[in-house]
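Note that the sequence shown covers residues 0 to 128 in numbering that gives the first Met the number 0.
No lab work stands behind these hints, which were simulated from the structure alone.
Since the structure is predicted, the reported quantities are computational estimates derived from the model, not experimental observations.
Some hints here could point you the wrong way.
To be verified - Straight-line C-alpha distance at most 25 Å; calculated SDA-like pairs for lysine to any residue:
#	residue 1	residue 2
1	LYS115	GLY16
2	LYS115	ARG81
3	LYS115	ARG100
4	LYS115	GLU17
5	LYS115	ALA55
6	LYS115	PHE15
7	LYS87	ARG100
8	LYS87	LEU28
9	LYS87	CYS66
10	LYS87	ARG38
11	LYS115	PRO80
12	LYS115	GLU43
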Amino acid sequence: MPYHPGLASEDAEAGFGEVDYRLQRRRLLRDIERGIVNRDEACEIHPELLRVARNAAPHMGGSCPLCNEDELRLVAYVFGPRLGPGGKCVVSDHELQRIGRRQGHFVSYEVEVCTKCRWNYLLRRYPLH
0 MPYHPGLASE DAEAGFGEVD YRLQRRRLLR DIERGIVNRD EACEIHPELL RVARNAAPHM
60 GGSCPLCNED ELRLVAYVFG PRLGPGGKCV VSDHELQRIG RRQGHFVSYE VEVCTKCRWN
120 YLLRRYPLH
C-alpha cells in the first residue's frame, strides 16, 4: 500500500473524519452469497498483509464471515510523513497514540483478515489527531 502524500493532505485539509466501510462489506458478503462475486476474488490478499495478520495482528474476537473459523485478525496501517511509502504496521493502541502525537497528518487504516481463508476487507480509515 503506497503512501500518497497529496491524497492524505487533501483529505486532511478538507477536514475528513472517520470513514466506515461496514455497509459496503455487508453488500459484498451478500453478493458473494448470491454468486454475483466470486469468493476467490474476495479472498485475494497481498502476501505482506497475510504475513502481518499471521505474525503480529491481534485476534478480533469473532469468526470469519466466509469460513466461520476463529482466525479473524485486525491489521492496522498508518500512513503519513516519515513513515515510508508502505506506511507503518501498528500492533498496539499505545503505538497508535504515539504516532498520533507527532507533527503532521496521519491516517490509519484498519483491515480485517482471516488467516485461514484469506478473506480481507478494509473496515475503516480515520485521521490521527
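Hint check:
no.: 1; hint: LYS115 with GLY16; result: violated, 32 Å
no.: 2; hint: LYS115 with ARG81; result: violated, 33 Å
no.: 3; hint: LYS115 with ARG100; result: violated, 35 Å
no.: 4; hint: LYS115 with GLU17; result: violated, 29 Å
no.: 5; hint: LYS115 with ALA55; result: holds, 15 Å
no.: 6; hint: LYS115 with PHE15; result: violated, 34 Å
no.: 7; hint: LYS87 with ARG100; result: holds, 15 Å
no.: 8; hint: LYS87 with LEU28; result: violated, 28 Å
no.: 9; hint: LYS87 with CYS66; result: violated, 29 Å
no.: 10; hint: LYS87 with ARG38; result: violated, 29 Å
no.: 11; hint: LYS115 with PRO80; result: violated, 34 Å
no.: 12; hint: LYS115 with GLU43; result: holds, 12 Å
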